[in-house]
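There are 2 protein chains.
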Amino acid sequence: MEKFTLIGKNMKRIDTAAKATGEAIFSADLTLPRMLIGKALRSPYPHARIVAIDTSKAERLPGVKAVITAQDMCGDKWGVFRYTQDQQFLPTEKVRYMGEEVAAVAAIDEDTALQALKLIDVQYEALPSVFTIDDAIAAGAPQLHDAYPNNINVHVKIDVGDIEKGFNESYLVREDTFSAPEDAYFQGEPYAVVAQFDQAGNLEIWMPNAGPHMKAKPLSNVLKIPLNKVRVRKITIGGAFGGRSEISPADVICAFLARKAHRPVKIVYTREENTVATRQAHALVTKIKTGVDREGKVLARDITCHMDGGAYSSTGPIATSVPFLCMEQAYRMDNVRYNGYRILTNKPIRGMYRVHGRAFACGIDIQLDMIGAALGIDPLTMRLRNARQTGDYTPTKSYVASCGMTESIVKAGEKSGWKEKFGKLPPYHGIGIGCNSVQTGFPMGIRGGSQAFIKLNEDGGITVITGIVDNGQGNDNMVVQIAAEELGLTPDDVQLISADTEVTPSDPGSYAMCETFIGGNAVRLAAQDVKKKLFRIVAGEFGIGVDNLTARDRKIFVTENPEKSMSIAKAVRIALSRNESISGEGSYWPNVDPKREWVKNPYGQLSETFSFGTVIAEVKVDPETGQVEVLEVTAAQDVGFALNPQVIEGQFEGGVAMGGQGGMLSEFLQWHEGRVLNPTQFGYLVPLAIDMPKINNIIVETIDPNGPYGAKEAGMSVAMSAAQAYCGAISNAVGVYFHDYPITPDKIVKAIEEKKQKENAEVPG
Amino acid sequence: MEKFTLIGKNMKRIDTAAKATGEAIFSADLTLPRMLIGKALRSPYPHARIVAIDTSKAERLPGVKAVITAQDMCGDKWGVFRYTQDQQFLPTEKVRYMGEEVAAVAAIDEDTALQALKLIDVQYEALPSVFTIDDAIAAGAPQLHDAYPNNINVHVKIDVGDIEKGFNESYLVREDTFSAPEDAYFQGEPYAVVAQFDQAGNLEIWMPNAGPHMKAKPLSNVLKIPLNKVRVRKITIGGAFGGRSEISPADVICAFLARKAHRPVKIVYTREENTVATRQAHALVTKIKTGVDREGKVLARDITCHMDGGAYSSTGPIATSVPFLCMEQAYRMDNVRYNGYRILTNKPIRGMYRVHGRAFACGIDIQLDMIGAALGIDPLTMRLRNARQTGDYTPTKSYVASCGMTESIVKAGEKSGWKEKFGKLPPYHGIGIGCNSVQTGFPMGIRGGSQAFIKLNEDGGITVITGIVDNGQGNDNMVVQIAAEELGLTPDDVQLISADTEVTPSDPGSYAMCETFIGGNAVRLAAQDVKKKLFRIVAGEFGIGVDNLTARDRKIFVTENPEKSMSIAKAVRIALSRNESISGEGSYWPNVDPKREWVKNPYGQLSETFSFGTVIAEVKVDPETGQVEVLEVTAAQDVGFALNPQVIEGQFEGGVAMGGQGGMLSEFLQWHEGRVLNPTQFGYLVPLAIDMPKINNIIVETIDPNGPYGAKEAGMSVAMSAAQAYCGAISNAVGVYFHDYPITPDKIVKAIEEKKQKENAEVPG
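Chains F and E supply the protein sequences, listed in that same order. According to the numbering used here, the first sequence holds residues 1 to 765 in order. According to the numbering used here, the second sequence holds residues 1 to 765 in order.
Hints are computed from structural coordinates only; laboratory data are not their basis. Fair warning: there could be bad hints in the mix.
To be verified - Straight-line Cα separation of at most 27 Å, DSS-like style, residue types lysine-lysine; simulated pairs:
no.	chain 1	residue 1	chain 2	residue 2
1	E	Lys224	F	Lys570
2	E	Lys595	F	Lys533
3	F	Lys12	E	Lys224
4	E	Lys19	F	Lys260
5	E	Lys3	E	Lys564
To be verified - Simulated DEER-style distance windows between Cβ atoms:
no.	chain 1	residue 1	chain 2	residue 2	range
6	F	Asn202	E	Asp593	39 to 47 Å
7	F	Asp593	E	Asp593	53 to 61 Å
8	E	Thr490	F	Pro128	49 to 57 Å
9	E	Lys9	F	Asp593	44 to 52 Å
10	E	Asp198	F	Gly161	55 to 63 Å
11	F	Ala18	E	Thr490	39 to 47 Å
12	E	Lys9	F	Asn202	19 to 27 Å
13	F	Glu580	E	Asp334	32 to 40 Å
14	E	Thr304	F	Asn202	50 to 58 Å
15	E	Asp198	F	Ser567	26 to 34 Å
16	F	Asp553	E	Glu597	31 to 39 Å
17	F	Asn202	E	Tyr83	45 to 53 Å
18	F	Asn202	E	Asp198	19 to 27 Å
19	F	Asp593	E	Pro562	36 to 44 Å
What the hints assert, rightly or not - Residues from chain F shown here face chain E by an in silico Cβ test under 7 Å; the list is partial:
no.	residue
20	Ala17
21	Thr21
22	Leu227
23	Asn228
24	Ile446
25	Asn457
26	Asp459
27	Thr463
28	Gln495
29	Ile497
30	Val503
31	Leu576
32	Ser581
Just so you know, these numbers come straight off a predicted model, no measurement behind them. All C-beta atoms in this analysis are idealised placements derived from N, C-alpha and C, irrespective of residue type, glycine included.
From just these sequences and the hints, can you work out the full model?
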């Protein structure tokens, strides 16, 4: 008999039918009786003092039901940390980026709301602005916030081992600088919120989110109502990628409008607003100095990273650590120094991102290639020699309980034909490799654990109640699969109630794909709790011990004698006839160091587990046009255990699309004096299905000792490694190491030209 | 320091604002996108064979989205018990009452739906009908169901002690027959249902109910989908009174229409449909033979009761027991025989009712008055001599753990000035007394227990999750009050999630006011579970034992040293910082005999507790018009413990309105050959606020050993006793004992005339 009936096998996602038929309701689809349409007035200045706001004309416009300004919000400032509380959702004194919310209206329809916005008279006094990291930290630069001298928002400092000794002992030392502009999440679903208040002051709110409880807390704070009066409700979510992690001004504005108008309010962002007024990814400049021994093993590394954070902290301070943490997990670094600076500029706010730090990760990786080239060591071997291993501690003191880094490198190498290809491909053909890692079992904020309830019915069906949110990756499916497996049921026997802050228990959210590890463990424990109770009933009826029973096929049977069985439905009815109900509870808190913090104390166990991925990409470059044709991508990742291979492969492919195909070839935001020039899909080039190359998926399993059935995150390590692999492959094809990302056709053509000029110059005579 | 901060005190109901402002959404107010309007085609015959149904014309009418007949329902029959499964929600072979559902349509609006009904061609073959109990049991009567020979649906037989010996030893024996026609619930909210299915075959349904789980089970059965795919959702409910206890054809029809149309469907009953096609109360004929000793103590009682059940079983078989059970609880009856027959007629279906059996209860009580008059014992003393006492067993073997019957009689007597008034009032003035009891801690069906969860937030607020339903009596309030009291919070600190079959745990429902006893206990246990966990945290911090702590004012303090305290919010945050969440669970199953059953085995512990009430009414009758002016009513009830006196008084007053003012003065259904002649408020006279007399409320507390804080049911014992008191008072005023109820002006005038004629005849001429 197989060990499992459901897990480890492909299972059709439970949300497929609803999404395919359009039945699934996203926030923008939601319509409530008497609902108004909300719109925000946005600053036309990147930096300006607000002298006066006159909303009287807008208020008098028929159909306008509420107008709000900073006055309605008591001047409160929000931030993820106590020391980064710098953002007013409607500012009182000044605006700090073009597109910042200044006022908002709720009206009976969109036309009226837009007309009302035009009637709001805001007097600004323009202030000098800064738009680049260099300008922002230059002496005498305009300052965005009093609290952040020189516009330095946060400084993360990590210093481990003896870096000077490491460099002194190095056989070769290289120093390079890498850079990349901002990229955008470009979720399928532009941001949308619906909010309503009842007489008793209870807020119901629907919006895309990566953790409903993480939305509820700031809403509770800023609305000054208790947490249990904020109900963030379940809704279908069209993608997150890190960009739905935190409170959005739209959430707060929508709630304030609804409270003031005494009617439900819906705000739906335009694509432009979704790009400008929700968080996007940071621009980075990273200086990396690496020293290695003769075998290419890294002995010392000194990294300085400057990130363009835009106008406010938001979740950016976390993002200041993450690129470093991912790389310190992927590669051993015994002597390392990291100085990460987040710099404020008069641009929209930057936050967490699924593919953290292109310039950082690609820099670390491409520099390994350069060093390898100098030492005559191929990139794959360079990575094997530096790969993280099970049982290691990372520089910031996380124990690594399971690690498939090496296996993912070896398997990706074999599948891609690395040995046969590297250095042997025709001109303008190239192959590249990237490795990355992600923390996949860590809590966010004070509610870091997940709890699940399971109820049983007398027909043997169950209902799982959990705070886990699915924002596209298939978490709902994961929950159903685990609960059904554990209790010997089919997915159809499981009803799911999830992601509603009031009806479901707390859960930390789907950040960094922690839901499988944290939430999945909680669901499994709840199912085991239920199973234990069922077994007790059946064991009593059969007069045997509970250890001799197995749950499968909706039955509980004697393991040694499978003919002897009782249906789960019957066991429940027996319990009920004895005046007992059957329900179960499970809680899981990841085993991490509660004192560790993202900025101020980045030491201690960060996450209970980590995923590790390798991507190898093979490309062909057209030297005339600079166009890159991706011939084949091989994505290998240590997912711990593959609960649902089909979903994991989808995550891998999505990762390649996001990190590689989009992130390294075409996606970046263009600017003019703080204005985004390409906020829509007509200028910001997100790859389409037709753009995608052939992808080989390799699932590496390490059976994490603490993951549910050994599982951990799936796909994010691939997304990040893909950028690095694409970078390496193009560099390999062109024969030039690129330092600035994404590697767009113009950069390729220019690099080829420069290389030719250089080669010509070197040719004597 | 007072023992309690909230309970035992008046607390404003949490639903008041929403109901007063119209914010509260009842099922009929609910509007869903793409929602259709459903309508049922009803039989114009009281009894007829269905020869053929042609729906083709209706189906072709533009705007009609679904038409259903019996064919869509597989011929399934429903019943509360296995042996009473006799009702098809759309019948295949014949209709058995005028108004029975035959087919149904869902269309884009009401006009189209009504037009479509007219296009459905049903060919009937009329059958002979029976409309009265006597006709139905007569030899050769038309038979409604093959399964019930002689139209006897059920026969409840109880025989305790030695009745013959009792009669033989009696000093006085009387036999009387009492009767009453049907009365209607006349809820403020006519029946309404909204149903929708999703792609995955999950049903969401909203309707008035007295227990959402009790609705879900039959829907699961008849729709042939698992229980966890039936989600009966929370909605505001406008009264139940026993009439929202079971599945309604409207629920089933609405769900079938929604499934067939693939769109949401709403059915809203007209007032006529609410009276005819939802359950109402039985007509009764009761023969009572009572034997007493010289002191008026009952030695033997033989009761035969015939109830007109209408066309199907429904919950009627339960109602065949209830009038007897209430009276056996109120008064001691050591030697008693009860034969209860439920008879089927071609009239609408009868079910459970808040004021069970006017003819039964008034008969028992007014006969005591007659016997007392013969013995020279006043009615109040007659009741004291026969009153149930704590520690008794009822004839059907229920132990009575707490009983305030005597105290309620004594206190009502004192307050009403009984001693000064009885026998001393001017002509056509009268005073009367009635006593009754109700089982208030018993399970309905297999899911007889209640479970509650409580979640704590880091700001110290809580959310209570319970299956308890509030259908007007204030159960939501009761839950909030108990949870807040137990944890030392204010009602505003408590959020309530309730009465939704999927998001809340199971609960037996609000039948016979069991929610306070069963659900209230579960909520209290859940709160105590939470409190224990909080105390453990605080005790650890303070270095003291958990037994030395008290929760009050949102704090936990050292009982002996109240200055030393910690806020609950802080205790939660300490727990969270230790990677523990704080939540609690509580379950309560009433301690009853699971083998006891309503019809087939009415012996064993019926209910864990019982309430006891006395009502005394004082009236003035206009001998010319027969109009009754109620001068004053005194309502006393043993509620165990008064959790919220204000709500209890409201329940007492509602009970007097329903049982006395309406039930004994004006409310009854009028018939012509199976047709209800007065289905609306223009013919069926429900008392208005302006009709109500002065009411003295007396709360008697016995602190039930098992109730939450000693509490049990409040109001139902008053509702029933009120009918009896009004009957006694009018009889006392007129000088004639009435045998047929309600006592309408025409009956009074006739009684006065007959009495005068009799007196004139007796006067020697």
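Would the hint on Leu576(F) stand, with a C-beta cut-off of 7 Å toward chain E?
-> holds (5 Å)
For the range 39 to 47 Å, tell me whether the beta carbons of Ala18(F) and Thr490(E) fit it or not.
-> Taking Cβ atoms as reference, Ala18(F) and Thr490(E) lie about 41 Å apart, which means the hint holds.
Range hint compliance [Cβ, Asp198(E) to Gly161(F), 55 to 63 Å] | Because 57 Å falls inside the window, the suggested range holds.
For the pair supplied as a hint, Lys12(F) and Lys224(E), confirm whether the alpha-carbon distance does not exceed 27 Å.
-> Between Lys12(F) and Lys224(E) the Cα gap is close to 23 Å, so the pair holds against 27 Å.
Is the interface hint for Ala17(F) satisfied, with its Cβ closer than 7 Å to some Cβ of chain E?
-> holds (4 Å)
Take a quick look at whether Lys19(E) and Lys260(F) sit within 27 Å of each other, Cα to Cα.
-> holds (21 Å)
Glu580(F) and Asp334(E), beta-carbon distance inside 32 to 40 Å?
-> Hint holds: Cβ distance 36 Å, inside 32 to 40 Å.
Chain E contact restraint for Gln495(F) - C-beta distance below 7 Å = holds (4 Å)
Hint says 45 to 53 Å; check whether the CB-CB distance for Asn202(F) and Tyr83(E) agrees.
-> Holds, at about 46 Å.
Closer than 7 Å between Cβ atoms is the bar; does Thr463(F) clear it against chain E? Give me holds or violated.
-> OK, holds: Thr463(F) within 7 Å of chain E, min 5 Å.
Within a Cα-Cα threshold of 27 Å, do Lys3(E) and Lys564(E) meet the stated pairing?
-> holds (19 Å)
Pairwise beta carbon distance, Lys9(E) to Asp593(F), judged against the given window 44 to 52 Å = holds (48 Å)
Violated hints for the displayed structure: none, as all numbered hints are satisfied.
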